[in-house]
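A.B. asks: Please model the entire structure based on the sequences and the hints provided.
2 protein chains.
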Amino acid sequence: MKPREHFDRELQQLSDSIMLMASRVEEELSIVLAAYERLDPTLASVVSDLDRQVNKMRFEIEERCILLIAKQQPTARDLRLIIASLNMIVDLERMGDQAMNISYNVGHYRADGEVTMQLNLPSMAVLVKNMVREALDAFMKDDVVLAEKVLQSDDAVDQFKNNVFNKMVEYMKSHPDRIESALDMILIARNLERMADHATNIAEDVIFACTGEDVRHGVGKAAREAQEKPN
Amino acid sequence: MKPREHFDRELQQLSDSIMLMASRVEEELSIVLAAYERLDPTLASVVSDLDRQVNKMRFEIEERCILLIAKQQPTARDLRLIIASLNMIVDLERMGDQAMNISYNVGHYRADGEVTMQLNLPSMAVLVKNMVREALDAFMKDDVVLAEKVLQSDDAVDQFKNNVFNKMVEYMKSHPDRIESALDMILIARNLERMADHATNIAEDVIFACTGEDVRHGVGKAAREAQEKPN
Chain A
21 MKPREHFDRE
31 LQQLSDSIML
41 MASRVEEELS
51 IVLAAYERLD
61 PTLASVVSDL
71 DRQVNKMRFE
81 IEERCILLIA
91 KQQPTARDLR
101 LIIASLNMIV
111 DLERMGDQAM
121 NISYNVGHYR
131 ADGEVTMQLN
141 LPSMAVLVKN
151 MVREALDAFM
161 KDDVVLAEKV
171 LQSDDAVDQF
181 KNNVFNKMVE
191 YMKSHPDRIE
201 SALDMILIAR
211 NLERMADHAT
221 NIAEDVIFAC
231 TGEDVRHGVG
241 KAAREAQEKP
251 N
Chain B
21 MKPREHFDRE
31 LQQLSDSIML
41 MASRVEEELS
51 IVLAAYERLD
61 PTLASVVSDL
71 DRQVNKMRFE
81 IEERCILLIA
91 KQQPTARDLR
101 LIIASLNMIV
111 DLERMGDQAM
121 NISYNVGHYR
131 ADGEVTMQLN
141 LPSMAVLVKN
151 MVREALDAFM
161 KDDVVLAEKV
171 LQSDDAVDQF
181 KNNVFNKMVE
191 YMKSHPDRIE
201 SALDMILIAR
211 NLERMADHAT
221 NIAEDVIFAC
231 TGEDVRHGVG
241 KAAREAQEKP
251 N
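Protein chains in written order, with my numbering: chain A, 21 to 251; chain B, 21 to 251.
Treat the hints with care, since some could be wrong.
One copy or two, it doesn't matter: identical chains are merged, so the pair holds either way.
[Unchecked claim] Cross-link-like lysine-lysine pairs, in silico, BS3-like; alpha carbons within 30 Å at most:
{"#": "1", "residue 1": "K91", "residue 2": "K169"}
{"#": "2", "residue 1": "K149", "residue 2": "K187"}
{"#": "3", "residue 1": "K91", "residue 2": "K161"}
{"#": "4", "residue 1": "K193", "residue 2": "K91"}
{"#": "5", "residue 1": "K161", "residue 2": "K187"}
Simulated from the structure, these hints should not be mistaken for laboratory data.
C.D. replies: See below:
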């Protein structure tokens with residue numbers, strides 16, 4: 021096998037492991053969603069097991085990237101791809117942490133279906149799940165248009181989060197005895213929003229890698245947040 | 021100049037730019053703290069200017085790292101240092117985002133000194149500021165003992181956050197008219213805790229780079245969170 025073919029095969033294997041890691045994170049999010057809809061707190065331990073795998077995968081992939089760079093001394097273009105992969109696995113790992121944070125709170129929902137009914141968090145979770153899927157697809161296919169779609173979806177997620185916040189503040193005012201449950205909803209919405217932020221980071225990296233246009237500072241997350249309600 | 025000397029000089033320049041970026045982030049945190057203590061919402065725009073610089077620096081340093089790897093084809097050890105630097109600048113940039121999030125809320129404090137008085141958030145902010153400083157020192161000096169101290173401080177920050185949460189929940193129950201202000205305090209404490217998490221990430225990277233011991237999954241953040249109250 022020629023050196024380039026060998027390297028291409030190694031890059032393909034890297035890409036495959038990232039997809040496997042990503043599918044575990046998506047699974048975490050699906051289980052969180054199922055736990056929420058069935059009000060089943062026992063699913064949290066399944067998420068926790070998956071998250072351990074995700075964390076382990078991150079460090080295996082990081083190690084693989086380092087060895088790949090050291091052995092193959094890639095060109096600038098291949099190197100950028102590997103660096104983008106390194107950034108991406110950090111975002112994936114942090115998404116998993118958010119899913120786990122949400123899963124801890126599932127027990128509370130059971131206790132307070134009345135608060136849960138006020139909101140439509142599953143729709144928000146589905147939106148976030150789609151963003152994660154699309155950010156990964158954009159990465160795999162170098163698809164700038166899809167990456168830009170992810171950035172737009174992030175605004176919808178922020179609106180969702182603001183809506184949850186405002187509704188729950190009003191609810192707490194009229195139901196001071198249900199403050200803890202309402203707070204849980206606010207925190208879950210924020211965890212979902214942080215997952216969406218990580219998907220956005222991935223999409224921004226794709227746009228940068230493909231076009232050289234750095235959307236990461238400019239209309240980047242922090243700058244966008246400056247324009248919206250700070251909650 | 022010998023190639024190794026030249027490379028060492030480039031590594032030193034990289035290290036200098038990271039310290040400059042870090043000092044900007046520390047500055048952001050100091051200004052947030054001053055804004056909080058003086059109840060001065062106008063300082064938020066200063067934080068915003070600094071944060072723009074921080075974001076720009078991240079991408080300049082990332083670019084410098086990529087060129088350094090491509091040109092110098094570093095050994096595994098040097099490569100690990102550069103990869104650790106890449107991880108670190110992401111954490112620094114996100115810390116800056118958190119500082120900016122907090123600065124947006126400063127206006128609220130003015131409106132509700134009574135809620136502010138219930139807590140000691142400046143002490144929490146000082147604790148986080150020290151963690152950031154120590155994590156950077158640990159990185160610069162390869163100091164594992166100092167890095168471990170950062171991990172321990174993170175537990176204290178988590179306790180602070182839980183304390184703010186519990187106190188504010190009680191306060192909201194007895195003062196439903198002050199729910200928004202109390203919520204701001206909870207969110208600020210969570211932003212500070214996230215800054216501390218990023219300092220912890222840096223410390224964990226230092227321990228990994230120096231000892232090969234991967235504290236990042238095991239007693240890593242997510243695993244530690246699993247043992248504490250999930251709010």
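A.B. asks: Would you mind marking each hint as holding or not holding in the structure?
C.D. replies: Going down the list of hints, with the structure as the test:
no.	hint	verdict
1	K91 - K169	neither (36 Å within a copy, 35 Å between copies)
2	K149 - K187	within (23 Å within a copy, 34 Å between copies)
3	K91 - K161	both (26 Å within a copy, 28 Å between copies)
4	K193 - K91	neither (62 Å within a copy, 61 Å between copies)
5	K161 - K187	neither (39 Å within a copy, 49 Å between copies)
Hints 1, 4, 5, counting from the list given before, are not met by this structure.
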